[in-house]
Structures are given as structure tokens and as C-alpha cells.
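S.K.: Here's the letter readout for the chains.
Number of protein chains: 2
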Amino acid sequence: MFDYATLEALAAVIDTGSFDAAAARLGVTPPAISQRIKALEERMGAVLVIRAQPCRATEDGARLITHQREVALLEAQLAPADMPPVLRIAVSADSLATWVLPALSALDGVLFDLVIDDQDHAHHWLARGEVVGAITADPGPVMGCDTVALGRMRYIATASPAFIARHFANGVNCAALQAAPALQFNAKDRLQEDWAAMICGRPVSLRAHRIGSSEGFVDAALHGLGWGMNPEPLVRAHLASGALVALGPAPLDVPLHWQSLRRLKTPLGPLSAAVRKAAKAVLL
Amino acid sequence: MFDYATLEALAAVIDTGSFDAAAARLGVTPPAISQRIKALEERMGAVLVIRAQPCRATEDGARLITHQREVALLEAQLAPADMPPVLRIAVSADSLATWVLPALSALDGVLFDLVIDDQDHAHHWLARGEVVGAITADPGPVMGCDTVALGRMRYIATASPAFIARHFANGVNCAALQAAPALQFNAKDRLQEDWAAMICGRPVSLRAHRIGSSEGFVDAALHGLGWGMNPEPLVRAHLASGALVALGPAPLDVPLHWQSLRRLKTPLGPLSAAVRKAAKAVLL
Chain A
1 MFDYATLEAL AAVIDTGSFD AAAARLGVTP PAISQRIKAL EERMGAVLVI RAQPCRATED
61 GARLITHQRE VALLEAQLAP ADMPPVLRIA VSADSLATWV LPALSALDGV LFDLVIDDQD
121 HAHHWLARGE VVGAITADPG PVMGCDTVAL GRMRYIATAS PAFIARHFAN GVNCAALQAA
181 PALQFNAKDR LQEDWAAMIC GRPVSLRAHR IGSSEGFVDA ALHGLGWGMN PEPLVRAHLA
241 SGALVALGPA PLDVPLHWQS LRRLKTPLGP LSAAVRKAAK AVLL
Chain B
1 MFDYATLEAL AAVIDTGSFD AAAARLGVTP PAISQRIKAL EERMGAVLVI RAQPCRATED
61 GARLITHQRE VALLEAQLAP ADMPPVLRIA VSADSLATWV LPALSALDGV LFDLVIDDQD
121 HAHHWLARGE VVGAITADPG PVMGCDTVAL GRMRYIATAS PAFIARHFAN GVNCAALQAA
181 PALQFNAKDR LQEDWAAMIC GRPVSLRAHR IGSSEGFVDA ALHGLGWGMN PEPLVRAHLA
241 SGALVALGPA PLDVPLHWQS LRRLKTPLGP LSAAVRKAAK AVLL
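Chains as they are written, first to last, in the UniProt record's numbering: chain A, 1 to 284; chain B, 1 to 284.
Calculated directly from the structure, the hints in this document are not laboratory data. It is possible that part of the hints are untrue.
Any copy will do: because identical chains look the same in the list, a pair fits if it lies in one copy or spans two.
What the hints assert, rightly or not - No farther apart than 20 Å at their CA atoms in a straight line, the calculated lysine to aspartate or glutamate pairs in the EDC-like style are these:
#1 K188 x E41
#2 K277 x D60
#3 K277 x D219
#4 K188 x D113
#5 K188 x D20
#6 K277 x E41
#7 K265 x E130
#8 K188 x E59
#9 K265 x E75
#10 K38 x D20
#11 K38 x D219
#12 K277 x D3
As the structure is a computational prediction, the values presented were derived from the model and not from experiment.
Please model the entire structure based on the sequences and the hints provided.
M.R.: Below, the structure written as C-alpha cells:
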């Protein structure tokens, strides 16, 4: 079996970013950390740490850290740990901005490492074995995972009144949609083009500002930079006050799911329950 | 010289993520896009596009796109463009959450592509030639760039009253800081450890939740997940209402700078002026 002190040293180097900081965290000398990493790399026959500022894990290194975290999580069921176990989970930015944190704060004695990605891609992190659970639009299930439907997140096409007066004076039609600047979360975000295609009845290519922040998206709409599909819970107050206006009657609903590793079902139980409960309060 | 229609095809493939969508955007057939990319790859003697879902640029491809965008920006000074030029700039998440968007909304006829990174690392994007400007803690200047001081962003160590009652009942001392869960933006974020080191008078290793969102950071503090260094403009109202409490009298001030490519000084002039003005309204 592995020497888990060695795996802990590896996790500490990646977590803190340097051999010195890892040594300080574990209360040993930097040469001791260096030796452990070297021994582990020799045993695995692979480089595990990219020595840079900060240190990063290679793919092999990341796999070992994931394994160490899983074992720590299982161990925490048996005996109190001196270091709380780390739960790495993938969440969509819009879920984080609207309902995930209350769920996480219901748990105690664990640390969360949130990987923030587009809801259409969060499950890839799970498939690659880099997280123990994911909030994702993909119903899956990813192999070895359980999946639970959480409800639908409603997206509303929104813009500021000044933006609408300028770009949609003749209504929200196809020509206007192609000319007006849109917002896009990142290269993978297709929500705006999906909605525009629904309005036009054919695929549409938009020109868009790219802003990878849920709140930044709403702020950009408020400041008149562009129109975008915003999660209803994030714009409810702005729609009520008139600071933002819905571009059309048709919302887009995205069903969300909680997928988590079946082999960690017991230790992940409280988290799964908290996620379901918090989602129920906000999603449709 | 380059055939710029070819470079435009490359930019469209990366921007839209697929050959089909790029063809739709440029009003040509997918085989025409495919041919242009192939011709460009043959001329450069390098793969420029990683054919995946979505398509991604190789390093060589990204360099060409940056060049194409620069030329488009310079061209826009001479004649109206059918496609607005794209300004790719690196911003720190905390700046985006507090003062950057009003600056961007003051400009017209350009699209922004925001690269969001830690303020201590935003300038690396500039040094690698991937952005035309960066809001960064690094005074630089990066080679070939002009730098302007924008003012200081004030960070305050904050937590919820319930969190303080539980973890800092005997005051904010070194032992309590090492035991209480902290928040960390990402592996590169050292603000919490810098502040803790200031309190303890020696380097401190913290255990932290990792949450890469400025607003998520504030929300996590409000929900009692951990304590963290939050930008003063984002927590001012919470400190006034008592929903969050400052952990100690000592804030941390981070001076911010605007660095931008000197060779694009003229076309970037209006953006540089807007950034300076918006920063002045919020930073110290």
C-alpha cells in the first residue's frame, strides 16, 4: 500500500503552492518534503509536481491527490482527523451565485474546493475523476456515479431599458439580435445563441462581450454593455424595479442534477442531502 | 503579408468553437473555412486549431488571433468595420466586481473579452502577449507597455458574527487563526496568509475553502463558511449592517495598475481614460 504521509506531502505541496509552505503546514523540513515527493515520483515512475511558482500537479499527481482525499474522507468516518478532509466539487457559476453556498454552510468539519465551470461542462470534471461530485446540466449518470434531479434553473433574456431603446427600438427581431452586442459567459456558453435561435427559428451567430462571472453578467446588462440570459433569482429584483427588462416572453429552463461518486455515498450523504434541500428552495 | 480573411476565419473558429458556426458567422461554407485554416496551418508550418468540442487555439494559433485583433483595432481607426474589434483585457475578479464595468460601458463600438485572474497574476497575460491591457497589482511595466497607477484596493478581514463567536471567542490570535477555516480565492491567493502573518508576526499555514468568485467569497463569509479578505467596496454595506464584522483593525491595501500595449496607445486611449476615471471613483 501507499505511504500516506508521502501522499499528504504531495497534496500539501499542490495546496500551498511550494515545498517550503508544505513543510510549514506539515511541521517538517523542506528537504523532508522534497525527499517524499522524489520517492513517490520514483515509485510511480512519473513526474507528479511541476516545479514552478506556484507548484502545479501533473495529471498523474492530480490523480494521486484525488485518491488521497478520498481515503481521508473515508478515514474521517472512523476517527477524528487532524486535518479536515477536502471535498472537491464542480459547481456551475450560476448555481454558486444563487443557491449552493447555503447548502455547503450546513456541513461542518470539511473544507470545500469549488471548481467553477459552465453547467454544461461540470460533469466532465467528474468523468475525469477530478471531483467527488458535480452540479451539472448533464443528467448522466457518469459511470460510477449516482444522479439526482435538482429542479430547473430559469434563464431570462434581459437588458437595460436604455439598451433596449437603442438596439431593439423596432422590437426583438432577428436582424436586431444579430446587430446588438450580446453577453457570453465563456466560449462554451451557448445560452444566448440558443435563445436567439428560438426567436429567429434558425441558428444565429451573435457578437458578444465575454464576461466569465455570473454577477458580472448581471452588472454588464445593468450598465448597458449587452443583453444576456440571466438566472431569474439573480435578476428578480432588477426586473421588479425596472432596472432590467425581459427581452421576450420565452424563458429558457435548464434542468440541473447532482451527480456524485457512488463509492463515497456514505461520507457524501450529508452533502447530497444539503444540496437537494437548498436546490429545492430556489429551483423550479 | 497575411491574407486577413484567413486570419478572420481562424478567429471565428476559436470564437464560436466550431467550423460550422464560424462559417455561419462569416457567411461562407464550412469547407471554405476548413480550407482557409488548412492553408494557414501549411503556411505557418504549425497546427493552429485543436479540433475538439469546442475547438481551441494552439499557442501558435492564439498568437495569430492576437495579431489579427490588433490589426482590426488599428483598422477601426481608419474605416468603419463590419465586425466590431475585440479588446481582450485581463482584469482581477475583485476589480470586475467593484469598478471595472462602468469603465467598459463608457466605450462604444468594441467588444470586450475579459480574462479574469488573480490581481497578482493578471500581468502575466500581458507578458505572454495574450491581452492588450491588464488591471494588475504588478507595477511593471511589462516590456512594451505603459503603466498607470490606479489607486489602492482596500481588503478587510471579515467573518460573520456567529463565526467569530465560535472560532474567535478568545480573540483573533495565532492559534485561533490556524484552527478556523479560512477562504481562499485560488491556489495563487496569498492575501489571507499575508494578513495572518501580519497578526502572528510569522508565516502561518491556514486551512481554507477554495471559492473562485468575489461575490461567492462574500457570500461564504455571510454564511459562516470561513473568514476571508474581502474588498472594502463589496462588504461596506454588510459591515454597516453588522452582517459581517472586521476581524481586526489592520486592513491590507493592494495598489492596482493599468498596463497596456504601447504600440496600441492611440486606439486604446479612450479605454485607458475610462479605466482611470472609474478607478478613481472607487479606489483609495
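S.K.: Are the CA atoms of K277 and D219 at most 20 Å apart within a copy, between copies, both, or neither?
M.R.: between (29 Å within a copy, 18 Å between copies)
S.K.: When no copy is specified for K188 and E41, does a C-alpha distance of 20 Å or less occur within a copy, between copies, both, or neither?
M.R.: neither (35 Å within a copy, 24 Å between copies)
S.K.: Given identical chains, is K188 near D20, meaning Cα to Cα at most 20 Å, within a copy, between copies, both, or neither?
M.R.: between (38 Å within a copy, 15 Å between copies)
S.K.: Go through the copies and call it for K265 and E75: within, between, both or neither, with a Cα cutoff of 20 Å.
M.R.: For K265 and E75, the Cα distance is within 20 Å only inside one copy (14 Å; across copies 58 Å).
S.K.: Can you tell me if K188 and D113 fall within 20 Å by alpha carbon in one copy, between copies, both or neither?
M.R.: Between copies, since 14 Å is at most 20 Å while 22 Å is not.
S.K.: Have a look at K188 and E59 and pick one of within, between, both or neither, based on CA distance no larger than 20 Å.
M.R.: Intra 23 Å, inter 19 Å, cutoff 20 Å: inter-copy only.
S.K.: For the identical chains here, do K38 and D20 meet the 20 Å Cα criterion within one copy, between copies, both, or neither?
M.R.: So K38 and D20 pass the 20 Å test inside one copy only (15 Å; across, 48 Å).
S.K.: Between copies, within a copy, both or neither: which fits K277 and D3 at Cα up to 20 Å?
M.R.: neither (39 Å within a copy, 57 Å between copies)
S.K.: When no copy is named, should K277 and E41 be tagged within, between, both, or neither for a Cα gap of at most 20 Å?
M.R.: neither (43 Å within a copy, 52 Å between copies)
S.K.: From the Cα coordinates, with 20 Å as the cut-off, is the pair K38 and D219 best called within, between, both, or neither?
M.R.: neither (48 Å within a copy, 40 Å between copies)
S.K.: When no copy is specified for K277 and D60, does a C-alpha distance of 20 Å or less occur within a copy, between copies, both, or neither?
M.R.: neither (36 Å within a copy, 47 Å between copies)
S.K.: For the identical chains here, do K265 and E130 meet the 20 Å Cα criterion within one copy, between copies, both, or neither?
M.R.: Close inside one copy (16 Å), not across copies (43 Å); limit 20 Å.
Hint compliance for this structure: hints 1, 2, 6, 11 and 12 are broken, all remaining hints hold.
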